[in-house]
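*Asks:* Chain by chain, the residues run as shown.
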Amino acid sequence: MNTWFSQLKYLLIGTLFGIIFVKAEVISWFRIQEMFRLQSFHMYGVIGSAVMVGMLSVWLIKKFNVKTLDGETVTFHPKKFNKGQIYGGLIFGLGWAITGACPGPLFAQIGVGATVVAVTLLSAIAGTWVYGRFRDQLPH
Amino acid sequence: MTILEFLQQPWPWYIAGPLIGLTVPVLLLVGNKSFGISSSLRHICAACVPAKVPFFQYDWKKEAWNLFFVGGILLGGIIAGAMLANPAPVAVNPQLVTDLAPYGITDFHSLVPGQLFNWPALLSVRGLLMMVGGGFLVGFGTRYAGGCTSGHAIMGLSTLQWPSLVATICFMIGGFVMANLILPFILSL
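Chains A and B, in that order, give the protein sequences.
Numbered per this note's numbering, the first sequence finishes at 140, counting up by one with no gaps.
Numbered per this note's numbering, the second sequence finishes at 329, counting up by one with no gaps.
Everything labelled a hint here was simulated from the structure, so no lab data went into it.
Treat the hints with care, since some could be wrong.
As the list claims (entries may be wrong) - No farther apart than 25 Å at their CA atoms in a straight line, the calculated lysine-lysine pairs in the DSS-like style are these:
hint	chain 1	residue 1	chain 2	residue 2
1	B	173	A	9
2	A	79	B	202
3	A	67	A	79
4	A	62	A	80
5	A	79	B	201
6	B	173	A	63
7	A	62	B	201
8	A	62	A	9
9	A	63	B	192
10	B	173	B	201
11	B	173	B	202
Kindly generate the complete structure, drawing on both the sequences and the hints.
*Replies:* Following this line, the structure appears as structure tokens:
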């Protein structure tokens, strides 16, 4: 199932997702500034309604034991708490307000023609690498 | 109004939000995959520069779906930018227009402000801090937190994980501090 062809469905889902990102303007630096300055409800509406729909879907999947297309039981991966969620969360929040993008929108921003965001993306990859390299020395 | 004109308008939150939320069950049911985007950055590290770091020693090819997914986001950006772009400027709160004017940000025609994010700006302190510095914080912070807006705020909260709520609250605190207290200083550089 790990053939290149079977991966194409994720390319398609990602494409639709990217189009929604652009059309809802959630990849816009301006919309992120409005959110963090409490000047617009837009982003809160997007994230809030996305969480509501996600929650309802997960509840339905669990309640009716809905199987995947291949007939597997859907598996969930519980997240364990560690202090990284606090320190890392704060650090990511700082970066989010500067770049106006979380990791997903970085890809979409490049797509709409802001080619220089490729530098931001490379820097984000470097940030991930530095975290991996010094993970043992960081408080968790 | 043609269908194309209809699609070119910005989509309201109550259309876009639920569609983004639907990504959660679609990925679960199509391939038993948990929605998350920042992991793709880790897979890129594992594939390209593992450099004997234990954190990058795993079979990233098993997670290749995630790379196809973000490749799709890039492609979606290209399609939406080329065919469905809104010809009007981004309609922002007038207060934001007033707030940004002193920093020379006056053009709201593109989603990513060209006056801040452009190639020559990489040579300025402001541009370097925002693009290279900001990107670094995004990549470092999301991995340290174990997820980003998609993995924690949407997937994590959808599955009622309290660590994800902690992470989401911290994302917001960091964002508020930066946008209101630190960014004005960076923008004035």
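*Asks:* Decide, hint by hint, whether the structure agrees.
*Replies:* Hint-by-hint comparison with the structure:
no. : hint          : verdict
1   : B:173 - A:9   : 12 Å, holds
2   : A:79 - B:202  : 20 Å, holds
3   : A:67 - A:79   : 22 Å, holds
4   : A:62 - A:80   : 20 Å, holds
5   : A:79 - B:201  : 23 Å, holds
6   : B:173 - A:63  : 19 Å, holds
7   : A:62 - B:201  : 29 Å, violated
8   : A:62 - A:9    : 24 Å, holds
9   : A:63 - B:192  : 44 Å, violated
10  : B:173 - B:201 : 14 Å, holds
11  : B:173 - B:202 : 11 Å, holds
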